[in-house]
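Novice: Given next are the chains, with one letter for each unit.
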Amino acid sequence: MTTAIRIRGLTKTYGTHRAVDDLDLDVHEGEVFAFLGPNGAGKTTVVEILEGFRTRDAGEVSVLGTDPHRAPRAWRDRIGIVLQSTGGLDLLTPREILRSTSRAYSTPRDVEEVIVATGLTEKADARISGLSGGQRRRLDVALGIVGRPELLFLDEPTTGFDPQARRDFWDLIRGLAGGGTTILLTTHYLDEAEHLADRVGVIAAGRLLALDTPAALGGRQSQEATVSWEEGGVRHTVRTAEPTAEVARLAARFPGEVPELTVTRPSLEDTYLGLIAPHVSDATEEVLA
Amino acid sequence: MNTLAIGLDRTAVELRMYSREKEAVFFSFLFPVLLLSLFSVIFSGQFADGDGTMTAGRYFLPGMIAAGVLLTSFQTMALSVATERDDGTLKRLRATPMPATSYFLGKVGLVAVSAILQLALLLVLAWALYDVPMPTEGRRWLLLAAVFGLGLVGGTVLGIAYSSLSTARSIGAVVIGPMLVLQFISGVYIGWDSVPGWLQQVAALFPLKWIAQGMRAVFYPDDMAALEMAGVWESDRVLLVLAAWAVGGLVLCVTTFRWYKRGTV
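Order-wise, the sequence lines are chains A and B. Under the numbering used here, the first residue of the first sequence is numbered 1, with each subsequent residue one higher. Under the numbering used here, the first residue of the second sequence is numbered 1001, with each subsequent residue one higher.
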């Protein structure tokens, strides 16, 4: 598998605060990778170093084979960036800014296709200042993908979305990933990481605490599952390492359906909160400071 | 697409944004036109007893053209670049393969188009409504083009450099206040010969005075040169000073330009 992003020993300090602390990571070509972490964890710092916006204090970084700090213009032709902050462009319309932006790229996507794909058809000719938060964010994504990037950075793309807008957005990202685009996203929404990412890196206080598939993160797969059902109006719960056997026993005991049967594993949220717990108070203080 | 083609596209985008911003259109584009009309009407009585070669319109036209040059270049650039830096537009552009030169070409295009339109509007208005005689000699038109062009280049690069001094929130006050003072002491709203000598010396430190002086040399009768500081038009010196401002401004612009808001990198 080819490596799209390679990070070794990355360190970035602001004053006395270590925002990124000796980080190693590989993101493979065609992969959707999610950085998951609380506010102030260092996600945006890492991503902006990868995007070539911030300098680093130490370490090696290679993005599509190039050091982003010294990247030529041709490199920007191959990447798409959706920044965390959104603003400006108020006086233009989505179609105008998309057309203009697409002209800077060597092999841009068709603007009309991008407008349809991002669900902006109705607002394509409206002033950007009048867009809702979700529409505005979709425009940011449209601007990020209009250049047909090989690698797309998404920094907290769905903050402030309503549930339906988030689902639509996920479909859009999955579509891009299906088309072969490598995607690096940061999020503090667990369900987003679980839905979209092939692999998740949990980051707090500038360090990578865990790195795995969403299903296996923090040893979730090997932990005990909880089997639960109702019998005679009472809820029964059994914690077991062999939930399949437990369900088989229940199936044999009940004539038809087992009432209200559920089998659950520790949620990603439980695992995540356990991982970041030692760092959360630190991160909060840094944000306040 | 090459740098020039993207630059032209940026010009179209810039013009679209400019024309949709009513405050900008009024305070930088229409303001000198409006003031020329007002002054021509209000002060017409003061010029009634002369021999008719000098009218209020002719008296104030050079200053208004000069103010327009700095409003459409310096003021527009300082305000728009500071805003674009703070709202992330510049960072967004930096994230694309757009060449930096294309961005600046777009700005230059915006300034050139709006300033030429404004100049045309001022000249037509002065000629048609206020009977200001247009120059008949080619050398005067040449001087107009040179002073206008150098003034615009200097104003544009100085405006872009000046945008780094402040944030979007306060750039309005930081630009418009000094610009207003400069217009008063450089012979725009008050006749140059009515400005006290020591204030003329202060005004001579900034480009506006020189643009206005060059424009007076274009539109005033030659015997009016007696009212200048040196008693002559000094056209060569005007061009030299404006060229120096343009070069100095370009150096300042290139060395101080930032794509990102302070404290975000």
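Honestly, the hints are just simulated from the structure, not real lab data. Cβ coordinates follow ideal geometry from the N, Cα and C atoms, glycine included. You may find that some hints are simply not true.
Pulled from the structure, derived: some chain B residues nowhere near chain A, Cβ distances all over 12 Å [to be verified]: (1) Val-1013; (2) Arg-1020; (3) Ser-1102; (4) Leu-1252.
Using C-beta positions, here's what the derived DEER-type ranges look like [said to hold, decoys possible]: (5) A:Gly-179 x B:Leu-1142: 57 to 65 Å; (6) B:Ala-1243 x A:Asp-168: 53 to 61 Å; (7) B:Thr-1256 x A:Gly-178: 19 to 27 Å; (8) B:Asp-1236 x A:Ser-62: 20 to 28 Å; (9) B:Leu-1165 x A:Gly-87: 40 to 48 Å; (10) A:Glu-112 x B:Ile-1042: 32 to 40 Å.
Novice: Against this structure, judge whether each hint is valid.
Specialist: Hints and how they fare:
{"no.": "1", "hint": "Val-1013", "verdict": "5 Å, violated"}
{"no.": "2", "hint": "Arg-1020", "verdict": "4 Å, violated"}
{"no.": "3", "hint": "Ser-1102", "verdict": "8 Å, violated"}
{"no.": "4", "hint": "Leu-1252", "verdict": "24 Å, holds"}
{"no.": "5", "hint": "A:Gly-179 x B:Leu-1142: 57 to 65 Å", "verdict": "59 Å, holds"}
{"no.": "6", "hint": "B:Ala-1243 x A:Asp-168: 53 to 61 Å", "verdict": "57 Å, holds"}
{"no.": "7", "hint": "B:Thr-1256 x A:Gly-178: 19 to 27 Å", "verdict": "46 Å, violated"}
{"no.": "8", "hint": "B:Asp-1236 x A:Ser-62: 20 to 28 Å", "verdict": "57 Å, violated"}
{"no.": "9", "hint": "B:Leu-1165 x A:Gly-87: 40 to 48 Å", "verdict": "21 Å, violated"}
{"no.": "10", "hint": "A:Glu-112 x B:Ile-1042: 32 to 40 Å", "verdict": "55 Å, violated"}
Violation of the numbered hints given earlier is confined to hints 1, 2, 3, 7, 8, 9 and 10; the remaining hints are satisfied by the structure.
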